[in-house]
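The hints should help you fit chains B and C onto chain A, whose structure is shown.
Take a look at the letters that make up each chain.
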Amino acid sequence: MSELSLLLVVDLVGIAVFAASGATAGVAKRLDLFGVVFVGFMAALGGGILRDVFVNVQPFAFVDWRYAAVAVVTSAATFWLHPTVSRLHWTVLVLDAAGLGLFTVTGTLKALDAGIPPVGACIIGMITGIGGGLIRDLLTGEIPTVLRREIYAVAGLLGCASVAALDAVHTQRPVSIALAAVLVFVLRMVALRRNWSAPTAPTAPTGPQNPGE
Amino acid sequence: MSELSLLLVVDLVGIAVFAASGATAGVAKRLDLFGVVFVGFMAALGGGILRDVFVNVQPFAFVDWRYAAVAVVTSAATFWLHPTVSRLHWTVLVLDAAGLGLFTVTGTLKALDAGIPPVGACIIGMITGIGGGLIRDLLTGEIPTVLRREIYAVAGLLGCASVAALDAVHTQRPVSIALAAVLVFVLRMVALRRNWSAPTAPTAPTGPQNPGE
Amino acid sequence: MSELSLLLVVDLVGIAVFAASGATAGVAKRLDLFGVVFVGFMAALGGGILRDVFVNVQPFAFVDWRYAAVAVVTSAATFWLHPTVSRLHWTVLVLDAAGLGLFTVTGTLKALDAGIPPVGACIIGMITGIGGGLIRDLLTGEIPTVLRREIYAVAGLLGCASVAALDAVHTQRPVSIALAAVLVFVLRMVALRRNWSAPTAPTAPTGPQNPGE
Numbered sequence: 001m002s003e004l005s006l007l008l009v010v011d012l013v014g015i016a017v018f019a020a021s022g023a024t025a026g027v028a029k030r031l032d033l034f035g036v037v038f039v040g041f042m043a044a045l046g047g048g049i050l051r052d053v054f055v056n057v058q059p060f061a062f063v064d065w066r067y068a069a070v071a072v073v074t075s076a077a078t079f080w081l082h083p084t085v086s087r088l089h090w091t092v093l094v095l096d097a098a099g100l101g102l103f104t105v106t107g108t109l110k111a112l113d114a115g116i117p118p119v120g121a122c123i124i125g126m127i128t129g130i131g132g133g134l135i136r137d138l139l140t141g142e143i144p145t146v147l148r149r150e151i152y153a154v155a156g157l158l159g160c161a162s163v164a165a166l167d168a169v170h171t172q173r174p175v176s177i178a179l180a181a182v183l184v185f186v187l188r189m190v191a192l193r194r195n196w197s198a199p200t201a202p203t204a205p206t207g208p209q210n211p212g213e
Numbered sequence: 001m002s003e004l005s006l007l008l009v010v011d012l013v014g015i016a017v018f019a020a021s022g023a024t025a026g027v028a029k030r031l032d033l034f035g036v037v038f039v040g041f042m043a044a045l046g047g048g049i050l051r052d053v054f055v056n057v058q059p060f061a062f063v064d065w066r067y068a069a070v071a072v073v074t075s076a077a078t079f080w081l082h083p084t085v086s087r088l089h090w091t092v093l094v095l096d097a098a099g100l101g102l103f104t105v106t107g108t109l110k111a112l113d114a115g116i117p118p119v120g121a122c123i124i125g126m127i128t129g130i131g132g133g134l135i136r137d138l139l140t141g142e143i144p145t146v147l148r149r150e151i152y153a154v155a156g157l158l159g160c161a162s163v164a165a166l167d168a169v170h171t172q173r174p175v176s177i178a179l180a181a182v183l184v185f186v187l188r189m190v191a192l193r194r195n196w197s198a199p200t201a202p203t204a205p206t207g208p209q210n211p212g213e
Numbered sequence: 001m002s003e004l005s006l007l008l009v010v011d012l013v014g015i016a017v018f019a020a021s022g023a024t025a026g027v028a029k030r031l032d033l034f035g036v037v038f039v040g041f042m043a044a045l046g047g048g049i050l051r052d053v054f055v056n057v058q059p060f061a062f063v064d065w066r067y068a069a070v071a072v073v074t075s076a077a078t079f080w081l082h083p084t085v086s087r088l089h090w091t092v093l094v095l096d097a098a099g100l101g102l103f104t105v106t107g108t109l110k111a112l113d114a115g116i117p118p119v120g121a122c123i124i125g126m127i128t129g130i131g132g133g134l135i136r137d138l139l140t141g142e143i144p145t146v147l148r149r150e151i152y153a154v155a156g157l158l159g160c161a162s163v164a165a166l167d168a169v170h171t172q173r174p175v176s177i178a179l180a181a182v183l184v185f186v187l188r189m190v191a192l193r194r195n196w197s198a199p200t201a202p203t204a205p206t207g208p209q210n211p212g213e
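Which chain is which? The protein sequence lines are A, B and C, in order.
So the first sequence is numbered by UniProt numbering: it starts at 1 and just counts up by one.
So the second sequence is numbered by UniProt numbering: it starts at 1 and just counts up by one.
So the third sequence is numbered by UniProt numbering: it starts at 1 and just counts up by one.
So that you can see chain A by itself, here it is in the shape it has in the complex:
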């Protein structure tokens, strides 16, 4: 299998896993079939859509029909098979960590290639990885999980910084993608196993300010 088609396969597997996560959240909220598929679609492709909007090109999710097809088929399958998907809990988490690694790293490179400087490219890369989950949670009326607990976005961000640094010293793309994506994957799996979390603020606040109304 060539490098390019390997990347495509991994990409589509990541999209399928993100779609399953979105569809499962939709089923849990008692959405109808359309709602489940729509939330699955946005969970799978929303991060990439945001990336392409920021980079200022037509979103890839609309240009290549295979992405939409994988997201829609996986979401619809999850609608009927969700008890099975639930039993695959750890499998889903492992594949999700792989998807996170790939999406953040390739998102960063796409932003760099579009002329966005490293700091911005890393932020766009991170949004590529977490954007789908954010949109999924907003559509289902939840405060996004990624903002509340566990090491998820931070693992992605370290991958973004690594790939940007490797790219700056002209590492070959397949090498830098693999190294950075594996870093994200390992960090995420260790964080899951050890229940690492980012800290929350030391004391309860005295009340919100809401200055920027």
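Hints are not guaranteed to be accurate.
Here are a few chain A residues that face chain C, going by a calculated C-beta distance under 10 Å [said to hold, decoys possible]: (1) 55; (2) 113; (3) 116; (4) 117; (5) 123; (6) 141; (7) 148; (8) 152; (9) 186; (10) 200.
Here are the simulated lysine-lysine pairs, DSS-like style, with alpha carbons at most 30 Å apart [claimed, not checked]: (11) B/29 <-> C/29; (12) C/29 <-> A/29; (13) B/29 <-> A/29.
Over the 10 Å line for every Cβ pair with chain A, so calculated as not near, a few chain C residues [stated by the list, open to error]: (14) 9; (15) 11; (16) 32; (17) 109; (18) 117; (19) 173; (20) 196; (21) 200.
Simulated from the structure, these hints should not be mistaken for laboratory data.
Positions of the beta carbon are idealized from the N, C-alpha and C atoms, including for glycine.
Just chains B and C now, kept in the frame of chain A:
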């Protein structure tokens, strides 16, 4: 009346109806006058703004002041006249179905004209039709209605597919727009009359997975 | 100090204040460190990101690292120092009014320069000023404050209209920016002092219509 100006009038009527729906939701949530007008504006024009962002052009809602004017005036009128608007329940639903048909079909054609392939163009067309209602519900703290019940987006999607198919065999634009928009309208009205709904998942899930945090 | 660098400093102060507002809201919702910084970042830069997406350029927030740096550092500082930030209530409100004035006015000019006509440019300018707060509230599960009470967006909108009018008669940019931004600032401060609010609808509605599902 020329074809073009007829299309414009229908377009503006659709925008007025969507604005009334948004403003009514804003009044129900006790928003102030500005909030009601803002939610009405986004309900009316949010779908078209998303379409233009995805197609990668400056949103038409900001380029042609007549669209904003119709949305703002209708929303402000709804603010003061909302009991009357409520009494027009069926009138609003009928006009809304017409708006859905027109927006999904013209959105699909705009995406095709911008070089987006059929599958993506259909998804963008559907988002043109449902995007305003989605944003309205997010701004007022609701899980979007379109994700939960009734045949609404699916009717729009069938219209998108029809117009893309008609366009692929070089049907004249006015003909394909009319056929596809009428199809959406009829489907939506029949679904309303017969209380058709998309299915929800067969059994309660055993709990959400949240893998893509 | 040159005009340009003065504008940059005011810009960065505005971003810091908006970031503090977002971070404070995040702390109040018990988000973790990453969540607090992310909400602070979006509160500070979300309005400008929306402006640039609508104007159809790569968002400045990703292109110039200083904006991201100020937003991230301020948000992280607020995470640890939020009791102090809470005590600075009035200081924050005053700086926030200054930020609102600057962002709405410069957002309008950026849209005009990109060829968007005055009405659309004013709406984009207003969204530049209120967009960050909107996104902050959506991310933390609140109906946006700006839609519910007080004179905030309307003050910004008057500034947008003023700067567009001044620009149409070829007033020098520094003069028109200063006049319009001061107008917004004064309106907002008077509204705060006198508890001015926009009206809410006269009677309770008989129930939402939800036509645009």
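For each hint, the structure was consulted:
no.	hint	in the structure
1	55	holds (7 Å)
2	113	violated (12 Å)
3	116	holds (5 Å)
4	117	holds (6 Å)
5	123	holds (6 Å)
6	141	holds (8 Å)
7	148	holds (6 Å)
8	152	holds (8 Å)
9	186	violated (19 Å)
10	200	holds (5 Å)
11	B/29 <-> C/29	holds (22 Å)
12	C/29 <-> A/29	holds (22 Å)
13	B/29 <-> A/29	holds (22 Å)
14	9	holds (19 Å)
15	11	holds (15 Å)
16	32	violated (4 Å)
17	109	holds (20 Å)
18	117	holds (22 Å)
19	173	holds (25 Å)
20	196	holds (13 Å)
21	200	holds (16 Å)
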